[in-house]
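With the hints as a guide, bring both chains together as one complex.
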Amino acid sequence: GNSVTQMEGPVTLSEEAFLTINCTYTATGYPSLFWYVQYPGEGLQLLLKATKADDKGSNKGFEATYRKETTSFHLEKGSVQVSDSAVYFCALLPNYGGSQGNLIFGKGTKLSVKP
Amino acid sequence: SQTIHQWPATLVQPVGSPLSLECTVEGTSNPNLYWYRQAAGRGLQLLFYSVGIGQISSEVPQNLSASRPQDRQFILSSKKLLLSDSGFYLCAWSSGTPYEQYFGPGTRLTVT
Chain A
13 GNSVTQMEGP
23 VTLSEEAFLT
33 INCTYTATGY
43 PSLFWYVQYP
53 GEGLQLLLKA
63 TKADDKGSNK
73 GFEATYRKET
83 TSFHLEKGSV
93 QVSDSAVYFC
103 ALLPNYGGSQ
113 GNLIFGKGTK
123 LSVKP
Chain B
7 SQTIHQWPAT
17 LVQPVGSPLS
27 LECTVEGTSN
37 PNLYWYRQAA
47 GRGLQLLFYS
57 VGIGQISSEV
67 PQNLSASRPQ
77 DRQFILSSKK
87 LLLSDSGFYL
97 CAWSSGTPYE
107 QYFGPGTRLT
117 VT
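Line by line, the protein sequences give chains A and B. For what it's worth, my numbering labels the leading residue of the first sequence as 13, then goes sequentially. For what it's worth, my numbering labels the leading residue of the second sequence as 7, then goes sequentially.
Next comes chain B alone, as it looks inside the complex (with noise of 0.2 Å):
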């Protein structure tokens, strides 16, 4: 069966410290992969999908970026952090149709 892991669970990081999060997926091969973003009381924000290895789309421009080194391994990374980008950040994976999409356990961000 197919697992998907997100670590840290919970960061503490000042304001303009550098910040990386992982996502790494097991028992499939070739996922589509993604980062989203929930704020406080609010929805989910996809920031990065990515269809293969070095493959990686921006849906918002922002501080952050994201990289796939390889095909199950999904990066999060900022040079400096901004108060703004507290938040929970989810990361998930989807493959064939009807492209369910499947989340890790999340990584909890409070930039301070």
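Just chain A, same shape as in the assembly (with noise of 0.2 Å):
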């Protein structure tokens, strides 16, 4: 079946640092991933997205490439600020009829930014 796997946090950097959170999938064919970032008490925003092999996501400073190779989604920022503190979802969309875009959600993880 499909599935996504998140890095487990909590994960705490400081100012400036460089951040990697991991995500690799399991699905048939060729999904669309995404990342969606949530701040305290909100909902989730959508932060980037990738519909094919090797596409690169990015938005805000943080990127994302697309390997069907490594199956993998990992997202990336060379200097991260205390206000990027939040919890980060991976997701991927099955690529096949009838899926009626449903999301495939990993289980978070959560960043916290020290200054």
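Hints are computed from structural coordinates only; laboratory data are not their basis. Quick reminder that beta carbons are idealized off the backbone N, C-alpha and C, glycines included. Any given hint could turn out to be false.
To be verified - Pair ranges (Cβ atoms, derived):
| no. | chain 1 | residue 1 | chain 2 | residue 2 | range |
| --- | --- | --- | --- | --- | --- |
| 1 | A | Q93 | B | P111 | 20 to 26 Å |
| 2 | B | Q79 | A | T38 | 34 to 40 Å |
| 3 | A | S26 | B | S26 | 43 to 49 Å |
| 4 | B | P111 | A | K126 | 35 to 41 Å |
| 5 | B | K85 | A | T32 | 45 to 51 Å |
Stated by the list, open to error - Here are a few chain A residues that sit away from chain B, every Cβ distance over 12 Å (derived from the structure):
| no. | residue |
| --- | --- |
| 6 | Q93 |
| 7 | V94 |
| 8 | V125 |
| 9 | P127 |
Written out as structure tokens, the structure reads:
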């Protein structure tokens, strides 16, 4: 079946440190991949996406590359800020008819950035 | 532009009481609509989704139900709340491909 595995948190970094949050997936065919971010007490916001192999999604300094060969979609940022503290969710959308657009989410990784 | 609203923002209800949470979407037609629950410290659990008026699919059997009386309105209900129903309830919508979902601000439900 389809599934998403994220590194367990919490991840604690100092401001301006490099961030990597690992995400691997299991799916048939070529799913679309997403990263969502949830700030405390809020809903989820779409951070970036990639719809085919080797695509790189980017937004707000965050990047993730769709790696078909390693079934991965790791999230990276070169220099984190305190305002990046949030929970990050990796998600996939199976690419087959009748999926109804039902995303499959990882369990989330909490990031805390200290000044 | 599209916006999604949820209310109430927070709710405290006793065990055994009824529940009604509302979600509305503006700026789009015939969206897919979703209800998720996020328990404390856990990931998202898809509860219901709908591809049109009156069309509801349930992902998890439980004491909750959903209805879609209008194209852009999605309601989550319960006749009798359980303690385990506490959590953060999120509504989302999607349209077209690649079906990325856009989430509302959520409702924090505490069952006492």
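Consistency of the hints with the structure:
The supplied range of 20 to 26 Å is met by Q93 (chain A) and P111 (chain B), whose beta-carbon atoms lie about 23 Å from each other. As the Cβ distance of Q79 (chain B) to T38 (chain A) is approximately 35 Å, the hint placing it in 34 to 40 Å holds. For the hinted restraint 43 to 49 Å between S26 (chain A) and S26 (chain B), the CB-CB distance of approximately 45 Å keeps it satisfied. At about 27 Å, the beta-carbon gap between P111 (chain B) and K126 (chain A) misses the expected band of 35 to 41 Å.
Evaluation of the 45 to 51 Å hint for K85 (chain B) and T32 (chain A) yields a pass: the beta carbon distance comes to about 46 Å. Separation of Q93 (chain A) from chain B is adequate, the least Cβ-Cβ distance of about 23 Å exceeding the 12 Å criterion. With a least CB separation of 22 Å from chain B, V94 (chain A) remains clear of the 12 Å interface cut-off, as annotated. For V125 (chain A), the requirement that its beta carbon stay farther than 12 Å from each beta carbon of chain B is met, with the minimum near 19 Å.
Every CB of chain B lies more than 12 Å from the CB of P127 (chain A), the least distance being 25 Å, so the non-interface label holds.
Checked against the numbered hints given earlier, this structure breaks only hint 4.
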